[in-house]
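Chemist: Listed here are the chains, written in short residue letters.
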Amino acid sequence: MALLIKKGRVIDPASGTDDVLDILIEDGKIKDLQKKITRPKTAGVEQIDAAGLIVVPGLIDMHTHLREPGYEYKETIQTGSWAAAAGGFTTIVCMANTNPVNDNASVTNFILDKAVKEACVNVLPVGSITKELKGELLTEIGELKEAGIVAVSDDGVTVKSAEVMRRGLEYARSFSVPVICHCEESDLAAGGVMNEGVTATYLGMRGIPPLAEEIIIEREIALSAWTGQPVHIAHVSTAGSVRIIREAKARGIMVTAETAPHYFSLTEDAVVSFKTDTKVNPPLRSREDMAAVKAGLQDGTLDVIASDHAPHSTLEKDVEFDNAAFGMIGLETSLPLALALVHDGTLTLSQMVEKYTLNPAKILQIDKGRLCPGADADITLIDIDSEFTVDRDSFRSKSRNCPFHGWHLKGRAVYTIVSGTVAFSLKN
Amino acid sequence: MPLQHKDLISIRDLSPDEITLILDTAVSMKEVSTRDIKKVPTLRGKTVINLFFEPSTRTRTSFEIAGKRLSADVVNISASTSSVVKGETLEDTGRNLQAMNPDLLVMRHANPGAPKMLADLLPTPVLNAGDGAHEHPTQALLDAFTIRERKEQLQGLTVTIVGDITHSRVARSNIYLLQKMGARVIVSGPRTMVPLFIEELGVSFIPDIREAVKEADVIMMLRIQMERQHESLFPSIREYARFFGLNRNVLQKAKRDVLIMHPGPVNRGVEISPDILNTPYTIILDQVTNGVAVRMALMYLYIGR
Numbered sequence: 275m276a277l278l279i280k281k282g283r284v285i286d287p288a289s290g291t292d293d294v295l296d297i298l299i300e301d302g303k304i305k306d307l308q309k310k311i312t313r314p315k316t317a318g319v320e321q322i323d324a325a326g327l328i329v330v331p332g333l334i335d336m337h338t339h340l341r342e343p344g345y346e347y348k349e350t351i352q353t354g355s356w357a358a359a360a361g362g363f364t365t366i367v368c369m370a371n372t373n374p375v376n377d378n379a380s381v382t383n384f385i386l387d388k389a390v391k392e393a394c395v396n397v398l399p400v401g402s403i404t405k406e407l408k409g410e411l412l413t414e415i416g417e418l419k420e421a422g423i424v425a426v427s428d429d430g431v432t433v434k435s436a437e438v439m440r441r442g443l444e445y446a447r448s449f450s451v452p453v454i455c456h457c458e459e460s461d462l463a464a465g466g467v468m469n470e471g472v473t474a475t476y477l478g479m480r481g482i483p484p485l486a487e488e489i490i491i492e493r494e495i496a497l498s499a500w501t502g503q504p505v506h507i508a509h510v511s512t513a514g515s516v517r518i519i520r521e522a523k524a525r526g527i528m529v530t531a532e533t534a535p536h537y538f539s540l541t542e543d544a545v546v547s548f549k550t551d552t553k554v555n556p557p558l559r560s561r562e563d564m565a566a567v568k569a570g571l572q573d574g575t576l577d578v579i580a581s582d583h584a585p586h587s588t589l590e591k592d593v594e595f596d597n598a599a600f601g602m603i604g605l606e607t608s609l610p611l612a613l614a615l616v617h618d619g620t621l622t623l624s625q626m627v628e629k630y631t632l633n634p635a636k637i638l639q640i641d642k643g644r645l646c647p648g649a650d651a652d653i654t655l656i657d658i659d660s661e662f663t664v665d666r667d668s669f670r671s672k673s674r675n676c677p678f679h680g681w682h683l684k685g686r687a688v689y690t691i692v693s694g695t696v697a698f699s700l701k702n
Numbered sequence: 069m070p071l072q073h074k075d076l077i078s079i080r081d082l083s084p085d086e087i088t089l090i091l092d093t094a095v096s097m098k099e100v101s102t103r104d105i106k107k108v109p110t111l112r113g114k115t116v117i118n119l120f121f122e123p124s125t126r127t128r129t130s131f132e133i134a135g136k137r138l139s140a141d142v143v144n145i146s147a148s149t150s151s152v153v154k155g156e157t158l159e160d161t162g163r164n165l166q167a168m169n170p171d172l173l174v175m176r177h178a179n180p181g182a183p184k185m186l187a188d189l190l191p192t193p194v195l196n197a198g199d200g201a202h203e204h205p206t207q208a209l210l211d212a213f214t215i216r217e218r219k220e221q222l223q224g225l226t227v228t229i230v231g232d233i234t235h236s237r238v239a240r241s242n243i244y245l246l247q248k249m250g251a252r253v254i255v256s257g258p259r260t261m262v263p264l265f266i267e268e269l270g271v272s273f274i275p276d277i278r279e280a281v282k283e284a285d286v287i288m289m290l291r292i293q294m295e296r297q298h299e300s301l302f303p304s305i306r307e308y309a310r311f312f313g314l315n316r317n318v319l320q321k322a323k324r325d326v327l328i329m330h331p332g333p334v335n336r337g338v339e340i341s342p343d344i345l346n347t348p349y350t351i352i353l354d355q356v357t358n359g360v361a362v363r364m365a366l367m368y369l370y371i372g373r
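From first to last, the protein sequence lines stand for chains V and P. Take the position in the first sequence, starting the count at 1, then add 274; the result is the number in the working numbering. Take the position in the second sequence, starting the count at 1, then add 68; the result is the number in the working numbering.
Chain V extracted, bound-state conformation (with noise of 0.2 Å):
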């Protein structure tokens, strides 16, 4: 089984590759990356004409929620992998909020086994820090890493105790684990539905400061630089935040940071309209939040972009406001958002690309987001030029909680290919 993908432009930011070539796989892997390679005389060589289309590695998403197993009402890890593919995704992070938390070997090898099953991208799932996300008792961070995690996160919640969090970056260094920081300082942020703000002041909504973010960010900030043990920010949404991790990593901190589509794509004036949609967390924020986010993902502060997919059905979105579930889906619209940052040329095409590919690979510490020869073949081929119209009941996700309906978009991936394998093509 060949496919040999013909005459695309080529951006592998790991080797700065930007140039038209030919890519050629066999068993899973990439054979041969050329100016001209002709197709082999065996049998069974599939041929994609990617004319036109840019070629990159398969794009990685280090932050979603597939919410199996618990709520596989919202998404199932079957369901979240045809929404990744969709969306030009090869490989995908799980959090571990599931019900059972992913705080122990069998639910990684749970999820694991549903994978290989069920799933048609690579699902790699992160481990908890703490025993069923309650900031108490760490993990067996060890046995986690064996059955298969990539990273332990308490993401949803932070790790309250900043001694409980010292002592679960120091544990997790003893395996060489990243650890993924969700910021929130949970007093400052109880019943907050939103960003505190004008808008909030309009609408009467309780805020959630910028603050309660930042706070919590100087703090996991402060245990790295004590532990040594590098730390990755989840979802950053304020231009606090992206000023806080700039100046760290001008201190030689081990920081990395993601943000969000989302937040680089709509404010908090989207929330007037009260649509559940727009309730996430951390909350929309301002404009100028939004600016920074934009200049940090420029300058390279932000090095990862991810979608944080967080599916829910009708049952928690629609409802009142307040009583709405916090979250988006993101898997279907993340890369097209972020081309909309190419096209206004806040980024290169090369650096948006490492953005999904090389920089999350980097953190997470995985053999992807790279193309060469021996390397396996996940690949994206996107057509930035092509102009769509967001419609979420299209989506392969079962969710439907997208803010972006009937948005205008340009650009998306027209195939997606895992190990070797079409999983995605825009044509069916």
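FYI, nobody ran anything at the bench for these hints, they're computed from the structure. One thing to keep in mind: the hints can contain errors.
To be verified - Computed list of lysine-lysine pairs in DSS-like fashion (alpha-carbon distance at most 27 Å, straight line):
#1 LYS591(V) - LYS136(P)
#2 LYS114(P) - LYS136(P)
#3 LYS282(P) - LYS323(P)
#4 LYS74(P) - LYS549(V)
#5 LYS591(V) - LYS523(V)
Here the structure of chain V is known, so what remains is to put chain P in place on it, guided by the hints.
Modeler: For chain P alone, kept in the frame of chain V given last:
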């Protein structure tokens, strides 16, 4: 002139002309309540549902009397605070009521935006009777009517609103309405109860109540909810009354003809000291009387034509 929107969710949806129309209509409605037989046939055969998810005496009764004086059939529903707890969603409650073909829903709810949710969902007009800390548009309209009765017009007046601005839908609706009609708004109260971004709404913030009332033509005192003490918003009733309550000493700093208003229910001795409750400055009961007239006007304008 017809009103532009099907529903009344927010004062911000009304134009100054629409506000004037509502207030002018309320003048003739007020006369009905002075008659020996306080009933006109305007809304005969119409069904008004008062859907209250939060306890209320004054507002619910006011809407009920307004509907009855216009000959509408008024049904009161007091739902528990959270429909979620009961198992029925707000959407389902709305659809069930819609199935009985009402002509108007009057709705109060603890969550901002809840009336808008039903308004967007149902063909029946919805009047917002208070949604969380978002808006209480009929209160702002009756306040404007009451001020206009005494001061002829709103244009050029200074209105000082004192108290828990953060949690007050009355404050928000009044700020939007008064500004639309050309009045200046000052807010006062402890910083813990005044949003950090309040000045971006176009109002001035003066924490010292004695300063805040100096130029006021009208002082609106807001009700303090006692449980806010437990949220670290103020330390004690005693301290609140001393520094943020309206008493004779504060009043001495104000204009001689200043009007004192309160949306009720009043905590005597907390936001207002008892000795000024019964002075001619205080027009709290006028507000209650006018509430019926303004709500009659709204019902007429939304479903009577």
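Chemist: Holds or violated: LYS591(V) and LYS523(V), Cα atoms, limit 27 Å.
Modeler: violated, 38 Å
Chemist: For a C-alpha distance cap of 27 Å, please report whether LYS591(V) and LYS136(P) respect it.
Modeler: violated, 37 Å
Chemist: Is the hinted pair LYS74(P) and LYS549(V) satisfied, with a Cα-Cα distance of at most 27 Å?
Modeler: holds, 19 Å
Chemist: When you check the alpha-carbon spacing of LYS114(P) and LYS136(P), does it fall within 27 Å?
Modeler: holds, 10 Å
Chemist: For a C-alpha distance cap of 27 Å, please report whether LYS282(P) and LYS323(P) respect it.
Modeler: holds, 7 Å
Hint compliance for this structure: hints 1 and 5 are not met, and every other hint is.
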